[in-house]
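Chains F and S are the protein sequences, given in the same order. Residue numbers are given in our numbering: position 47 of the first sequence equals residue 47, and the series is strictly consecutive. Residue numbers are given in our numbering: position 153 of the second sequence equals residue 153, and the series is strictly consecutive.
Keep in mind the hints are simulated off the structure, nothing from the lab. A couple of the hints might just be wrong.
What the hints assert, rightly or not - Reference listing, derived: stretches of chain F covered by chain S, where coverage requires no fewer than 3 residues with Cβ under 8 Å from a Cβ of chain S:
hint, region
1, 7–15
2, 22–30
3, 36–44
4, 81–87
Said to hold, decoys possible - In silico lysine to aspartate or glutamate, DMTMM-like type, Cα no more than 20 Å apart, as pairs:
hint, chain 1, residue 1, chain 2, residue 2
5, S, Lys321, F, Glu2
6, F, Lys18, S, Glu173
7, S, Lys120, F, Asp6
8, S, Lys157, S, Glu226
9, S, Lys321, F, Asp6
10, S, Lys157, S, Glu34
11, S, Lys172, F, Asp43
12, S, Lys303, S, Glu118
13, S, Lys157, S, Glu37
14, S, Lys122, S, Asp108
15, S, Lys321, F, Asp33
16, S, Lys172, F, Glu24
17, S, Lys35, F, Glu67
18, S, Lys196, S, Asp261
19, S, Lys303, S, Asp114
20, S, Lys81, F, Asp43
21, S, Lys35, S, Asp225
22, S, Lys120, S, Asp296
23, S, Lys35, F, Asp33
24, S, Lys35, S, Glu23
25, S, Lys172, F, Glu17
26, S, Lys303, F, Asp6
27, S, Lys35, F, Asp68
28, S, Lys35, F, Asp74
29, F, Lys18, F, Asp43
Cβ coordinates follow ideal geometry from the N, Cα and C atoms, glycine included.
One letter stands for each residue in the lines below.
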Amino acid sequence: MEATADRWPVWEVFVQEKSGAPHEHAGSVHAPDATLALQNARDTYARRSGCSLWVVPSEAITASTPEDSPMLFDSIADKVYRHPQFYKIPRSVRL
Amino acid sequence: MEQQKPVSQAPAAVVPATPDPREAEFEARIARGEKIEPKDWMPERYRRQLVRMMAQHAHSEVVGMLPEGNWITRAPSLRRKMGLLAKVQDEGGHGLYLYCAAETLGVDRADLVDELLEGKAKYSSIFNYPTLTWADIGVIGWIVDGAAIVNQTMLAKGSYGPYARAMVRVCKEESFHKKQGYEMVTALAQGTPEQKQMVQDALNRWWWPSLMMFGPHDQQSSNSDELMRWRVKLQSNDTLRQRFVNQTVNQARAIGLTLPDPDLCFNEETGNWEFGAIDWAEFKRVLNGQGPCNRDRLRARRKAHEEGRWVREAALAYAEKHQVN
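Chain S on its own, in the form it takes in the complex (with noise of 0.2 Å):
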């Protein structure tokens, strides 16, 4: 059952002079399309690669939570505030599925958290953004969930079944993510002047950072050739950044939108829209804390969990209550 600890750890503190022969049987059966299962053997540093990257996806499907959560409140009519409470509830649903695969190689959720709220574990860079308008939120149900499901359903084919299991579970419900965001920055862009400005504005602040979301070029990038290798990743950064990029073009011009980037333009040989330089400066500024957001969220994740802590207290106190009589 997936939530027991692994049977068989690797050697933890002496490293054998000769490599593992069980090493040669785990890349061959990777080699082979198998998913490693929790009991499984796996190399040490698979084990690790993998709760780093469920533990930083989970912790980027809760704060993401946030900046839409902002505007539940101010939708402008129920039907809106429906299906952003549906879609806020479901990113929160998918940071469970994912700390729930993170657990099933040994690790323990509140210790996930706690690394979170400590301000020791990374998330998206692109939550550390502000939702100024309305129309942020469309935008970022196209193309933030947009960029999110290009790469969720590459690791939706991953090596290590509890994860793609999970990620399976979550493109089902991100294509209705993409479609409501969609439908509310076209009613925007074919509204007043004032509503087509403010959604052009919002697809101009969140363009460059969705970007962003795919990760490092490839040549900058550490984990690839290793994540790919072990078949955790399929697609490197640069390709599905291509892919993204390729399917949005449209879609923008479809609804009289820009994207804010003079240098696209289409490449008839490869059939890619190329696009400009990316600013990997203010990526590096905003993944290290200095986004114009990063204090807030972990703030916002503090006061949560403070405030909720008599509701598990109490809850806990209620179960053994009725244990014992």
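Next comes chain F alone, as it looks inside the complex (with noise of 0.2 Å):
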């Protein structure tokens, strides 16, 4: 949809609270461009902590869908082998 000055395209915020944290998904913002998306992200979600952030257009992202979710996580519950406790080893053998 093309942005008009009332429809400003959306950015997707992702914040780090503090240094060595990860950037966590906190919400999205309006705006005309990307460095307004950066003060508008400031201003809405970094007012009482934060140290970095990023904004990505909402458009540029693929995420996948409830109808992949089978085929990319079912298998997780059969890979118990990708587990430590999965391993046995000598009791008296601390690794």
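Combine both chains into one complex, guided by the hints.
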């Protein structure tokens, strides 16, 4: 949809709460360009905490759908061998 | 991603003769305490109820900036002014979290704002009362935000993911609102006789409208059963209202203020503070546009929207110019 003065594009906002933490999705803002998206993200989602922000045009994100979920995630339950608990070692040894 | 519209919409025009099998699975997910996310299948009515609730909630935050904004320039000290400015800015932010959450269900914020400006949308009746003195600002922070916290703490556990997450964010910020209000009220209650009288008067005027914020009694609340079944709400209006009264009685007493209800009395058996009859005729009047400030509030919102138009146009023109170059 073409942007108008009352309908700016949507940007998804990711906030890093503190140094070393991951950037986490916080919500979205409307803005006509990336500079204002960052400014609006700061005013909306980082009034008290935060040290870094990402803004991404919502349109640029491809997300999996609930219909994709079985194909993507169902096999997780069958992969116990990907976890350390699956493997047995002598009790006397600390790895 | 939340912003994208749900892939599967419920059938629009034709209502199937047999219930949609997806509905049973949806109800089962809710019963298991799972969160519903934007792209998940949901009954059309769940979607509509949530859009309605989130939009009304967003409008309430935005209109809620007006009664308090009224006093920013007249705050009695720089400390109070900084606190109030930050609080009013938070309310604007809360409105934006909520519009953002509503947009995850495929509506456009601009349309919701238009409905507000055209007078078609509802918002909390409490914001149609005037802020007559500085003491009103303290009392609003203490009991209006206090009542909002009781409601929002419950909504933060609701079944729709984006709404619940917005509420978690809101609740973290609201505790400062309530505390700065109570500090202000305490200072006035311990001040000169005139100050004490001013804050008691403010409490007298805001108490009953605050109780109305929780909405009609359970028997009269048309949406409640459905919303509770879908775990959008986890507790009823009357339960939340009672919790708010119970916690506020002692807060008022601690600073020598009196809640304006001659029927207020403690029930040893239930552990509840029982309170007098709420004037529901007043509630309906204010909700339907006949409160003391309904017209002022909408006029102020429209004025702000119009006067900000050149900024929105300029920002867009700048963005487009730089995109081309």
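Consistency of the hints with the structure:
Counting residues of the region 7–15 of chain F whose beta-carbon sits less than 8 Å from any beta-carbon of chain S gives 4, enough to reach three: the coverage restraint holds. Note: the region 22–30 of chain F has 6 residues with beta-carbon separation from chain S under 8 Å; the three-residue rule is met and the coverage holds. With 3 residues having a Cβ less than 8 Å from any Cβ of chain S, the region 36–44 of chain F passes the three-residue criterion, so the hint holds. Counting residues of the region 81–87 of chain F whose beta carbon lies closer than 8 Å to any beta carbon of chain S gives 0, which falls short of the minimum of three for the stated coverage.
Our distance criterion of 20 Å between C-alpha atoms is met by Lys321 (chain S) and Glu2 (chain F), whose separation comes to about 15 Å. A threshold of 20 Å between alpha carbons decides the hint, and for Lys18 (chain F) with Glu173 (chain S) the separation of about 18 Å falls inside it, so the pair holds. Our distance criterion of 20 Å between C-alpha atoms is met by Lys120 (chain S) and Asp6 (chain F), whose separation comes to about 19 Å. Proposed proximity of Lys157 (chain S) and Glu226 (chain S) is supported: the alpha carbons are some 16 Å apart, at most 20 Å.
A hinted pair counts as satisfied when its Cα atoms are at most 20 Å apart, and Lys321 (chain S) with Asp6 (chain F) qualifies at roughly 18 Å. Using a Cα cut-off of 20 Å, the hinted pair Lys157 (chain S) and Glu34 (chain S) holds, with the two alpha carbons roughly 11 Å apart. Under the criterion of a C-alpha separation no larger than 20 Å, the hint pairing Lys172 (chain S) with Asp43 (chain F) is consistent with the structure, at around 16 Å. Distance check on the hinted pair: Lys303 (chain S) and Glu118 (chain S) sit about 12 Å apart at the alpha-carbon level, within 20 Å; holds.
Between Lys157 (chain S) and Glu37 (chain S) the alpha-carbon distance is near 14 Å, which keeps this suggested pair within the 20 Å criterion. Of the supplied pair hints, the one linking Lys122 (chain S) and Asp108 (chain S) holds, its CA atoms being roughly 17 Å apart against a limit of 20 Å. Proximity of Lys321 (chain S) to Asp33 (chain F) is assessed by CA-CA distance (about 11 Å); at most 20 Å being required, the pair is judged to hold. Distance check on the hinted pair: Lys172 (chain S) and Glu24 (chain F) sit about 17 Å apart at the alpha-carbon level, within 20 Å; holds.
Between Lys35 (chain S) and Glu67 (chain F) the alpha-carbon distance is near 17 Å, which keeps this suggested pair within the 20 Å criterion. Note on Lys196 (chain S) and Asp261 (chain S): the hinted pairing holds, with a Cα-Cα distance of about 18 Å set against a maximum of 20 Å. The hinted pair formed by Lys303 (chain S) and Asp114 (chain S) meets the criterion: a straight-line CA distance of about 13 Å does not exceed 20 Å. Of the pairs offered as hints, the one joining Lys81 (chain S) and Asp43 (chain F) holds, with about 19 Å between alpha carbons and a cut-off of 20 Å not exceeded.
In summary, the hint linking Lys35 (chain S) to Asp225 (chain S) is supported, as the alpha carbons are separated by about 19 Å, within the 20 Å threshold. About 15 Å separates the Cα atoms of Lys120 (chain S) and Asp296 (chain S), which keeps this hinted pair within 20 Å; it holds. As the CA atoms of Lys35 (chain S) and Asp33 (chain F) are separated by approximately 33 Å, the hinted pair breaks the 20 Å bound. Between Lys35 (chain S) and Glu23 (chain S) the alpha-carbon distance is near 15 Å, which keeps this suggested pair within the 20 Å criterion.
At roughly 14 Å between alpha-carbon atoms, Lys172 (chain S) and Glu17 (chain F) fall within 20 Å of each other, so this suggested pair holds. For the hint pairing Lys303 (chain S) with Asp6 (chain F), the CA-to-CA distance comes to about 15 Å; that is within 20 Å, so the pair holds. For the hint pairing Lys35 (chain S) with Asp68 (chain F), the CA-to-CA distance comes to about 18 Å; that is within 20 Å, so the pair holds. For the suggested pair Lys35 (chain S) and Asp74 (chain F), the alpha carbons sit about 19 Å apart, so the restraint of at most 20 Å is met.
A C-alpha spacing of about 17 Å is found between Lys18 (chain F) and Asp43 (chain F), which places the hinted pair at or below 20 Å, so the restraint holds.
Taken one by one, the earlier hints fail for this structure at numbers 4 and 23, listed in ascending order.
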